[in-house]
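J.: Which chain is which? The protein sequence lines are A and B, in order.
Using our numbering, read the first sequence as starting at 1 and increasing by one per residue.
Using our numbering, read the second sequence as starting at 1001 and increasing by one per residue.
Careful, some of the hints might be misleading.
Unchecked claim - Distance condition first, Cα-Cα at most 25 Å in a straight line; then the derived SDA-like pairs of lysine to any residue:
#1 A:240 <-> B:1104
#2 A:165 <-> A:269
#3 B:1112 <-> A:239
#4 B:1112 <-> A:256
#5 B:1112 <-> A:10
#6 B:1336 <-> B:1275
#7 A:240 <-> A:135
#8 B:1112 <-> A:213
#9 A:240 <-> B:1154
#10 A:71 <-> A:56
#11 B:1112 <-> A:269
#12 A:71 <-> A:151
#13 B:1112 <-> A:149
#14 B:1176 <-> B:1196
#15 A:164 <-> A:141
#16 A:240 <-> B:1176
Said to hold, decoys possible - If you want the footprint, here are the derived chain B segments under chain A, 3+ residues with CB under 8 Å:
#17 1103-1109
#18 1118-1128
These aren't lab readings, by the way, just hints derived from the structure by calculation.
The model shown is predicted, which means the values in this text are computed figures rather than measured ones.
The C-beta atom is built at its ideal place from N, Cα and C for all residues, glycine as well.
Spelled out from the first residue to the last, the chains are:
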Amino acid sequence: MGRFIIRRLIWTVFIVLLVSVLTFLIFFVLPSGDPALRFAGKQPTAELIAQARANLGLDKSLPEQYWLFLKHLVTGDEYGWPGLGYSFHTRDAVLPELINRARVTGSIIIGGAALWMLIGVPVGVISALKRRTIWDRGLMGVCLFFVSAPVFWLALLSLLIFWKKLHWLPGTGYVAFAESPGQWFAHLILPWCVLALLYAAIYARIVRANMIDVVSEDYIRTAYAKGLSPRRVVMHHELKPALAPVVALFATDLGALVGGTIVTETVFNMQGLGNWLLIAANNNDLPVTMAVTIVVAAAVSLLTLVADVLLAAIDPRVRLQ
Amino acid sequence: MSTDSAPLLEVTDLRVHFPTADGVVKAVDGSTFTVRRGETLGVVGESGSGKSITFLTVMGLINRQSARISGSVRFEGREILDASADEMRGIRGARIGMIFQDPMTSLHPMHKVGDQIAEVVRTHTDKSKSEAHRMAVEALREVGIPSPETRARQYPHEFSGGMRQRAMIAMALVMKPSLLIADEPTTALDVTIQAQILELIDELKDQFNIGVVLVSHSLATIADVSENVMVMYAGRPAELGSRDEVFSDAQHPYTWGLLESVPRPDIRVERLVPIDGAPPSLITLPPGCAFGPRCPHARTECTAEVPELRDRGAGHADACILATEEKGRLRAARMKALGVTT
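Make a model of the complete structure from these sequences and hints.
T.: Here is the structure:
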């Protein structure tokens, strides 16, 4: 187990490096415009552009530039460790903003994830147990609605109702938890719900399908033949095998969301990572693009590791190697 | 073994019909038999002959909403076909143990074997966790599992196929029930392991003086360990009697077909003969004798009405309308045609 985790951590480092190389190459291969133009003033002359290129280090060869990026990443730079440089777009240091924005995205994901598991798993289980009844059909109908409803539409609609019409909520934007926990919560509750409804609907459908598969397993027939009550059969024999794959899926979905809540962040006017990546990509902002990509790659890779360890803890047939 | 002659399990005219969109599936349609303590009833029939449904019904494991069940099932002297769900839970696992075809899939893959057995004890008694665990280990020892303390802490995937079926038997017998129902317990096992499991069931039957039902699709499997044999066809018993009677003096042409289609060490035959055709649809049974369309000796009388199970003496009954003497002639002719030398 220990060796497995160490090996996977090394693998994670390798993945992150690979992703950074690819991102770096894509940035230069795509004809996206010269970042130096921004730094060369309103009437750029050839000399000014060359000057800007030299300042940004863009005059060096690609391997040399990547090497410098790596060197700063590992040894740190004037803004701290890990060295991520400054934004080509805003000219602010990347690291402090990365931390701020990670807090925003983290807040959205953690609350949303807790909510979607709390809704999705019970709905799936109830649907499976009440299969083909009005409950099942009703719940699955609602799920189908939320699976198909576009997030931006749902987000705007919820803002219209709960903010503009009912005035229950203070509006968009993000308030730091340290500043005011109440405001933090009030601003996040809608993004949480919008994110959670989509995923809860997906998870409910998966949990229902898993439960229905498990119910027809031979070992469930054995459980009844032992004289167990239906309640005990569900709680002790059906839930565990039905939910084991969901745990793994949950961890990977969390990782993917680190850079994937772009729509939610944009509609609710929250300065998170996904939003930032979009701005960076639109402005040829290499350092920000690199920073966010690395964080997302590391998050996906680490949470996949967590998923594997959790799955092995739940299912004795799974061997970590 | 047992001196009391009252049957442990007495099933009379059991019918289990499933209404479906295509029609009523008559999975069991008039099953009658008894099982006594210290005796094994071997139940033989093709897939879809109603063997498994019969005993799942006895266990109360057929969903009453989806099936129409009639007849009588008396167990330990009382009628259990109309017993409440709670009463049946008290019987299942405690008074009747059941094991299934595939021990690979019948044990819960995520629970320790010892815990799965102890769960039966905890469900039916107030015994403590440690006492239940001790009984689980003891049950594993009784079915011949080496180092049962260690094995109890392992998961099913760490067991071989034969060991898993032993663990299933331990689970079925941990509460010392009076009846063990084994639904094709050796079908999924290696041939060498099959004999071991059958022997084990036979030994435990004597040791605990329990009644055993051994369901199989093969006569050869049950031949050695059954006192009585029931041959089922299309949801009904075709023939029922002591093992020796059924094997040496089979009365039903379907039983003849079964006997002639498998090799036997005691009789030399020149060739094995399969039974022509396939089992009938349980929705639209042929008129009269359900085996009629596949029976080489069928005549017009056979289609008149569904033949009753009739006692031919010595507890040997069959559901074929032909006269005993005529069947003797027919059987002799069949044996001759096969080149049988006894």
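J.: Each hint should be assessed against the structure and marked as holding or not.
T.: For each hint, the structure was consulted:
{"no.": "1", "hint": "A:240 <-> B:1104", "in the structure": "holds, 18 Å"}
{"no.": "2", "hint": "A:165 <-> A:269", "in the structure": "holds, 19 Å"}
{"no.": "3", "hint": "B:1112 <-> A:239", "in the structure": "holds, 16 Å"}
{"no.": "4", "hint": "B:1112 <-> A:256", "in the structure": "violated, 35 Å"}
{"no.": "5", "hint": "B:1112 <-> A:10", "in the structure": "violated, 34 Å"}
{"no.": "6", "hint": "B:1336 <-> B:1275", "in the structure": "holds, 17 Å"}
{"no.": "7", "hint": "A:240 <-> A:135", "in the structure": "holds, 23 Å"}
{"no.": "8", "hint": "B:1112 <-> A:213", "in the structure": "holds, 22 Å"}
{"no.": "9", "hint": "A:240 <-> B:1154", "in the structure": "holds, 18 Å"}
{"no.": "10", "hint": "A:71 <-> A:56", "in the structure": "holds, 15 Å"}
{"no.": "11", "hint": "B:1112 <-> A:269", "in the structure": "violated, 51 Å"}
{"no.": "12", "hint": "A:71 <-> A:151", "in the structure": "violated, 40 Å"}
{"no.": "13", "hint": "B:1112 <-> A:149", "in the structure": "violated, 44 Å"}
{"no.": "14", "hint": "B:1176 <-> B:1196", "in the structure": "holds, 21 Å"}
{"no.": "15", "hint": "A:164 <-> A:141", "in the structure": "violated, 28 Å"}
{"no.": "16", "hint": "A:240 <-> B:1176", "in the structure": "violated, 29 Å"}
{"no.": "17", "hint": "1103-1109", "in the structure": "holds (count 5)"}
{"no.": "18", "hint": "1118-1128", "in the structure": "holds (count 4)"}
Hint compliance for this structure: hints 4, 5, 11, 12, 13, 15, 16 are not met, and every other hint is.
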